[in-house]
Each structure stands twice: as C-alpha cells, then as structure tokens.
Amino acid sequence: MADTSAQRDGEAGFPAYDAQAIETKWQQIWEDEKLYKTDEDPSKPKKYVLEMFPYPSGDLHMGHARNYTIGDAMARQARMRGYDVLHPIGFDAFGLPAENAAIKHHTQAAAWTYSNMDQAVRTMRRMGFSYDYDRMVKTCEPDYYRWGQWFFIKMWEKGLAYRATSPVNWCPTCKTVLANEQVVDGRCWRCGSIPEKRELSQWYLKITDYAQELLDGLDDLPGWPDRVKQMQRNWIGRSEGAEIDFKLAAEDGVTPTDRTITVFTTRADTLFGVSFMVLPPESKLAEELVAGTQYEADFRRLREATAKVSSVERQGTNREKHGVFTGRYVINPINGRPAPLWVADYVLMDYGTGAVMGVPCGDQRDFDFARKYGLEIAPIICQKDDPLYEDLKDERELRVTSVDWDGAMEAEGYLVQSGQFTGLRGGKHSEGVDAIVAWLEDHGVGRRKVQYRLRDWLISRQRYWGNPIPMIHCDHCGDVPVPEDQLPVVLPDNLDLGAGDTLAECKEFYETTCPKCGRPARRITDTMDTFTCSSWYYLRYCDPHNDSEPFSKAAVDRWMPVDNYIGGIEHAILHLLYSRFWTRVARDLGMIDASEPFTNLLCQGMVKDQNGDTMSKSKGNVVPPSSVIEPYGADTMRLSILFIAPPEKDFDWDEEAVAGANRFIKRAWRVVWQLCQSADPEATLNPAGLDPVSKELNRVLNEMGIKCTDDFDRGQFNTAISACMEIVNAASKYVIEVPAERRDPALCQRVAHDLVCMLSPIIPHWSEELFHAALGRETSVYNEPWPEFDPEQAKSDVVEIAVQVKGKVRAHIAVPASSSREELEAAARAAVAPQLEGKEVKKVIVVPGRLVNIVAV
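For the sequence shown, the tail end lands on 859 under our numbering, and the numbers increase by one without skipping.
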C-alpha cells in the first residue's frame, strides 16, 4: 500500500494535518475568547477594514468568499502590525429580492431575510473570518432604520429632502421607480427590464447641492482606482457653458412675446447656426402649445411611443429621430431670426433646462433631424482648409442656409456667417464662446452657467420591504415630518404579500393624525431606496449600540474614514457616490469631521466559472464555499482564492488550483514541524556565525520576508504567498540536506516562527494550531507582532547577471556580489567567447548586479 502524507507525518513524530478538526477547534476558541472583539485602544493607531455590505439573498458564494477573505487578510495582518483594528460585518437586509421571495413562497419577507442572514453568518464563521460580530448591523431592524428615518428628517429640515412631481423611470417588472443611477445601459440595474417614463410625485434627496464638492473630492482620493474616479466624474458630468434666453414668438411667428424659453449649451459660439429649437415629448410647455391645434394628435402619439424607449436609446447617434412641429417659433436673441419650435424624442427632459437649440452643422443628431424634416443646415464654423471657408470667411449675415453634406462637421475651426464674431476661433472654451457669452450677458439675454449631468437622488420606492419614509401628508398642513419621539415608523408585519397587499392599501399603517394640527392625515406609504441604508452603515459600525443617536461624534472621529474598503466595481456610481454624499451631509450636521468615507478602495475582480461566465445565483453557476471547505478545509479555500490572481483581477475558478493550495498547506505543515523538532526557543540567532547552508536559508527568510511584508502593504496577496512559498522551499531543502543534529536551533526557531506569522492572515487555523502545538505558545498568533527583517541579511553573496551581445541576451552568469566592473566584464567576455570570435568589441556597458552588454562588430 502506498504511504500517505498522514502516515509519514505520524511516523516523523508530529501530528498529521487534519483541517476539519483544527478549524472547528479554533473557531470555537476564538468565539469563546472573543478574540476579534474591537479593542478600542486609543494608544494604538487605528485601522478600519471593511468589505462592502452583503445582501442576504441566500448562502454565500465564491464571489463573497473572495471579497471577505481579502478584507480578513488585511485586518489580521494590520492587527499584528500594531493597529487597533475595526473589522465589522452586517447585512443590507431590506430590498426587492426578499419581497419577491415572500410573494413567491407565501411567507414573510422578514422570515426569509433572517433565515438567509443566519445561514450566511454560519458560513462566515466556518470560513474563519475575524469579524467583531458584536457590532453586527442589520438594516431591517428598527434600531437601525430608525436612524435612517432620523437622517431623512434632518435632510428635510436642511432643504435636502423634498417631494416633486416629475417624469421618473418606472420598472414594469420590479413595479417601482428607479433612480437615474439605477438605469444601466438603458435597463433596470436589478432585473434588466427596459424602464418606462411616468409622471409621479416622488421623494428626492438633493445630492446636486454637493455636485461640485463630490467632483473636487475625487482629487483627494489617491487610494481609489482611477477608473472608479473617472466613472464618477463622468456621471457627475460638469459642463461649463451658458444659459441663453429665446423669446417665444407670437402665433405670427415673428413677434416676440413676454414668454422665455431658456436653453443650456456648452457651445454658445454656434448660436448663429440655430435653425430650430427642440423640446422633449415630456415637456409641459410643448403639451400646452399644441393643445387644440392640428399638431396635438401627432404630439400625443410621439409622447406615447417615446415612453417605451430608454433614455440611452433615445440619445443614440444611429437611432432614427422622430419629431413633431408645434406650430410655434422662438426668436434667436443674437440675430433676431425666428427658429421653428419642435418636439423630438432624442432630447431628454433631465438635461440642462429641458430645451435644446438645434445646430445641425456641428451636431450629428441635430443634422439627422434637420435632414429628415427639411430644416436649415447653416454652416457657421469651418476649418481654414475647407473650400467653404474661403467663400464665407468674410460673411457676417447668413447667406448660405443649406449645405449638401453627408453629416455634421467637426465643430472646431473659425466662425463664419456670425455677425461681428465672424473670424474668431470657435470650439469649446474658445475666444468665440467667450465673446458671444459676454455679448449675451451685456444684453441681458444670457449668462455663464455650470451644468451637471448629476440629478437629485430619487429615493421613493413603491414596495413594502424597505425603510418607511417618515412623512405625513395633511390636507391642511401639507407634508409634515413624523416627530422624532415617534420614530421609528415601523413596518407592519401582517401583510399578505402573496395576495398583493401593499402599504398603500394598509389602513392600519397609513391612517394617522397630523402632528401639527391633529386632523386626520395620511402617512406616506413609499419606502426608501435601499441604498439609503447602505450609505451610512459604516458610520453605525463605529457605535452600533447607541440608542440615543445614530452614533457618537467621538466614535466616528476615532475610526473614520474607513482605511481599506473592498467591493465590486459595479457599485462605482451607485453606492460609492451616495456614501460620499451622505458622509458630507453628516459632516455638515456636525456629526463627523471626515468628508470622505473611504480612504483606500480595492475593487476585487469577479470569480468566473469554467466557461468564463461571472458566477451569479441568477445564472445558477455559483460554486458554494462548502464544496471546498468540506473536502479540504476553509484555509485551503482562503489560500486558493488569494493565490490564483491579484485581488483586482478576474479569474476563472480552477479545481486544480484548490488541490494545489491544499498540497502546499500540508507541505508547509510538515516543514514547520520539522524545523520545530530542531528548534530552541531560548537560543539567540547569530547570522555571522552561520554555516553557508544555514546562511542561505537565513538570507532567503529575510529577502522573502521583506517582499511578503511589502506585498501585504500593497494588497498583493498572491505575490505575498509566493514569497512564503519560497521560504518553504528553502526550509524544505534545509531540513532534507542538513541532519537534525547539525541544524542551527535558533535559525530553525526563527524560520518556523516567522513563516507561521506571515501565513497567519491567509490560513489562520493552520497558523494558530502550529503557533500553539509546534511553537509552544500560549497566546494567539494574532497577538504576536509581525516579524521584522534585515535588508543586510537579505543580500546574497552571489548574484546572477545577464550577458548581452548587441542587446540580445546570450548567457546568464553567477558572480560574487562584490565583483568590480573589470571582473564583471572579464566574466561576461568569457561566457560569450564563441559569439565574440572574429568580432571587434567596440563598447562594453556594465550595470552592476544586473547585466553586461557587449557591443561587437
């Protein structure tokens, strides 16, 4: 019968590696001793490590495991580096999946949610994550969502929360509205349905008040990935331009009325080229102007058709445009020319003022629309090498109002047919823009304006399982906040969601009295977007049991901002932007000093299946952690997912990599025990007195120890593990080649100790067992300081250098590290003598410690 590793270990005088027994043992000890309870030691520097809020939609999968293992490795290593570590966990427990599951299974959303949370915690404990479970936050519990309601009221008092009737994105599948940020590539971020536009009264948070600060703050986040910052910059969408006032003409089409339509443009220099103005189909003004006219029926058909098309599709350059003339004109303020007023489906209500001036010579969508409907295409900006420029360079009046072009021209060049501004350079931020805006301001028909793409955060949701908006509507007093001493507004727990019961139909919930006048009133039945819950949970973790305020200022000022935040790139705009906004609101309420919530952000890559598809429950292709834990143990799972790839890169799940990780753990287990059999904890290591073989092991320990530490600091766990593997290889070679009685006892102790410590953030159960059983320690390895290493002892006596001939590597040679330039050149010439035969050496370039390049002809 073949000898097994367990048998060999037993015969060698040390126990075999038994993952299940070791992990069960240490998980219980850690829990009993509350090892990971936050110390709150102000004498230590703080380190706040946090993984993004999990949603309890079922048990955890490998995507979760990767996220949490990254954070856990950071937290464990930080503790050993002398930090006071806050590493909490909780659940983003409100939301649509729980409600849909309750409807499907005829159960309560709370029951489904709590069952999933309990299962997730069991899995987290089985993975050995070092969470302070005493600080657990569950957003569906009243002691948490009470303070979300409190924040809403404070924002209401500051004018940051309001109700408005406006066109909103309605998801027909989720049966609720969506914030603009939740429409991704024209589809619902959750279910993928195409949203419709509906006119509804909804509640908003005024994130636009912080637009410029949110934009500027990105420059103060060097620890964030550049792509995340760019995504937020693009979403905030700062545009410098001008607002321009066009007078609505009377029905004769030429006489200005007192009514003004204002447009926003970044290209005021193209004002002379306006050949029409466009309103979106949702425009109330457009509806008013066509009412009772011959254009009304066509307008209504256009509006109905447009409601079925996503905003992204409407703005597409290649999509056919559809429009309706209103029968009215506007007067161009700079030249007095009338321009027809149209309604078109490629214009959105939530951009600028909702009205757009059509300049078809320089905008492809305007060009397509003008060509389709026979509108003017007047050239007003040309390049100097354009033949049209020579013809029009001195023209101040519009002589050419139509051109036979295939498409819009690049809107850069020199102004033509532009009155007194003809000849000026045109383009964004050009002299033409500056001159025309100055003229508009002087004449009171325009003004400089900064516009943002960002719109206020729509938080109303027409679903049950969410945080109730703490407002009451009274017919006499209007909208009135619920008094603070009546918070929280608690969700009813007796609705039959399967039968279609909703908050809007629950009299026990919505019937109330006005806090101001005492008359009968109606409680608001919308709940808040669940992103309101996840926008401040990291603050609550700092002081989770406070029942008199959301958190104390002292607590958040101690821990905030989060030092290391780990989560997916898919939250770059939604959660991360909302959290930055919420933190600033808390700051302005005097509750916190920090402006930014997260100092360093790591967006971990996706875990994909063997076909390269991202794992997700909806696809049914997830690999549960239990599939690795049961045969191999949690430490094998942790090691494999950190070693397969750098944390920010995607990777394909690889069963062989898991098996390889388990083989390494067992090999390292044996090496540590073998070293400890020759170790003396009381002996003092004398590097200078080591024999050559022992000296090389000590060198590798220091060289790789420095690399491992540096890689941990950079969050590159795969290469940190590689450094530990190099130490294991060197130690294995040492115990094989050197008899036990000749091994240096102090070196064996040092290598075993440092290896166990360096691997402890990655494979904690393995490390804890060896720290006690093999190394004989009585306290936890996580109370041990992180090892320190000596750069001098890491230096090698021999280095390998490349030898090049005319820039191409022809040999590698090992030379003493102290070799002079002359000695390096001589050794290099000898190594490539055949390649130099018959040639004349013209030049020799020596880079000590790296290469010798010989130029020979």
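Among the hints, a few may not be true.
Unchecked claim - Result set (DSS-like, lysine-lysine): computed pairs, CA atoms no more than 30 angstroms apart in a straight line: (1) Lys395 x Lys374; (2) Lys697 x Lys797; (3) Lys160 x Lys395; (4) Lys797 x Lys841; (5) Lys208 x Lys518; (6) Lys697 x Lys668; (7) Lys555 x Lys610.
These are computed hints drawn from the structure, not numbers from a lab.
Checked hints:
Under the criterion of a C-alpha separation no larger than 30 angstroms, the hint pairing Lys395 with Lys374 is consistent with the structure, at around 28 angstroms. For the proposed pair Lys697 and Lys797, the alpha carbon gap of about 11 angstroms is at most 30 angstroms, so the pair holds. For the proposed pair Lys160 and Lys395, the alpha carbon gap of about 54 angstroms is over 30 angstroms, so the pair is violated. Taking the CA atoms of Lys797 and Lys841, the gap is near 37 angstroms; set against the 30 angstroms cutoff, the hint is violated.
Annotation: proposed proximity of Lys208 to Lys518 holds, straight-line Cα distance about 25 angstroms (limit 30 angstroms). Distance restraint check for Lys697 and Lys668: the Cα-Cα separation of roughly 26 angstroms lies within the 30 angstroms cut-off, and the hinted pair is therefore satisfied. Distance hint between Lys555 and Lys610 is unfulfilled; the C-alpha atoms sit about 42 angstroms from each other, more than 30 angstroms.
This entry does not satisfy hints 3, 4, 7, going by the numbered hints stated previously.
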